[in-house]
Amino acid sequence: PGNFRALEEMDKLAEKLGVGTAERLASMQTYRATAEKYDACILRMAYLFNEAGDYDESLKILTSRRFHVWEGGEGLLAPFVDALLLRGLNKMAAKDFGAAQKDFETALTYPENLQAGRPGDAGMEPKVRYFLAQCRKAQGDNAGYKAELENALKGWVVPGEMNYYRLRALTELGKAGETAAQLEEIRKGIAALEKPLPRVIDAYAKFGGSNTPAERVGHRTAQALYLRGLAALAEGKPSEAKELFGRALKERPSLIWAKAVADTL
Numbered sequence: 046p047g048n049f050r051a052l053e054e055m056d057k058l059a060e061k062l063g064v065g066t067a068e069r070l071a072s073m074q075t076y077r078a079t080a081e082k083y084d085a086c087i088l089r090m091a092y093l094f095n096e097a098g099d100y101d102e103s104l105k106i107l108t109s110r111r112f113h114v115w116e117g118g119e120g121l122l123a124p125f126v127d128a129l130l131l132r133g134l135n136k137m138a139a140k141d142f143g144a145a146q147k148d149f150e151t152a153l154t155y156p157e158n159l160q161a162g163r164p165g166d167a168g169m170e171p172k173v174r175y176f177l178a179q180c181r182k183a184q185g186d187n188a189g190y191k192a193e194l195e196n197a198l199k200g201w202v203v204p205g206e207m208n209y210y211r212l213r214a215l216t217e218l219g220k221a222g223e224t225a226a227q228l229e230e231i232r233k234g235i236a237a238l239e240k241p242l243p244r245v246i247d248a249y250a251k252f253g254g255s256n257t258p259a260e261r262v263g264h265r266t267a268q269a270l271y272l273r274g275l276a277a278l279a280e281g282k283p284s285e286a287k288e289l290f291g292r293a294l295k296e297r298p299s300l301i302w303a304k305a306v307a308d309t310l
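Sequential numbering of the sequence shown, starting at 46, is according to the working numbering.
Hints were generated in silico from the structure; no laboratory data involved. One or more hints might be untrue.
To be verified - Here are the in silico distance ranges between beta carbons for each label pair:
#1 G222 - R50: 26 to 34 Å
#2 E81 - N135: 25 to 33 Å
#3 T309 - E81: 43 to 51 Å
#4 K140 - P243: 35 to 43 Å
#5 D308 - K61: 36 to 44 Å
#6 A85 - N135: 23 to 31 Å
Claimed, not checked - Once the Cα atoms are required to be at most 30 Å apart in a straight line, the calculated DSS-like pairs of lysine-lysine come out as:
#7 K240 - K182
#8 K295 - K191
#9 K220 - K191
#10 K182 - K82
#11 K233 - K140
#12 K240 - K287
#13 K140 - K304
Where is the CB? At the ideal position from N, CA and C, for every residue including glycine.
Required output: the full structure, derived from the provided sequences and hints.
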């Protein structure tokens with residue numbers, strides 16, 4: 046289609062119908078010129094490249110285009126950070142620690158072209174700092190390793206995923222006695238996601254869309270399963286964690302960190 050909004054709706058429908066990432070990405074690439082006309086459309090392509098593990102292509106989009114924040118728009122910073130972290134982890138696996146460190150350090154930035162300002166809380170920094178610590182450790186920089194673990198503990202975070210990385214940082218700093226509070230925060234995050242949403246009248250729900258009550262419940266269910274998996278890992282239950290990550294991915298295949306963590310088990 047030459048209509049970028051039709052292309053976006055086509056991919057949203059394909060996602061709802063469970064069409065695979067490779068097939069959806071191929072369709073979007075066929076109409077790349079059309080996708081380029083609309084921020085929300087080309088952003089979907091960046092997310093798809095991340096799901097497909099093609100972080101270079103995702104970053105080409107996210108670093109070369111000036112995006113404009115729109116009402117109800119998806120996060121612009123998250124796919125940028127995800128692509129850099131996951132590419133950095135691949136580079137670490139290949140023993141290319143210098144390149145991995147560069148990716149992790151770039152993930153700490155807030156690019157002007159994404160209109161991404163520094164948040165009032167720690168944002169995704171605990172996760173980034175934790176991986177940066179592992180990279181410094183692999184290079185024999187013990188002082189840098191410990192410093193980044195300490196940095197992972199700075200600032201306030203919303204209860205959930207970031208507490209898992211803080212728990213790991215505390216454990217590696219020899220402060221296992223302080224990890225219970227982080228596990229409790231993960232559980233608070235799970236409880237918040239599993240709490241029924243208030244019943245509201247949505248005049249547009251019958252048309253579907255990406256923010257209907259049914260859609261929000263599905264996303265919250267998947268995220269809660271992912272956090273349950275992290276909690277199980279924190280409690281030393283890798284088999285249970287892997288099963289929970291699998292359920293999260295079945296509910297929402299785009300949860301790339303559920304797959305990334307499961308693949309390490």
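Hints and how they fare:
no.	hint	result
1	G222 - R50: 26 to 34 Å	54 Å, violated
2	E81 - N135: 25 to 33 Å	27 Å, holds
3	T309 - E81: 43 to 51 Å	35 Å, violated
4	K140 - P243: 35 to 43 Å	51 Å, violated
5	D308 - K61: 36 to 44 Å	25 Å, violated
6	A85 - N135: 23 to 31 Å	28 Å, holds
7	K240 - K182	40 Å, violated
8	K295 - K191	37 Å, violated
9	K220 - K191	12 Å, holds
10	K182 - K82	44 Å, violated
11	K233 - K140	37 Å, violated
12	K240 - K287	24 Å, holds
13	K140 - K304	22 Å, holds
The structure fails to meet hints 1, 3, 4, 5, 7, 8, 10, 11 from the earlier list, while all remaining hints are met.
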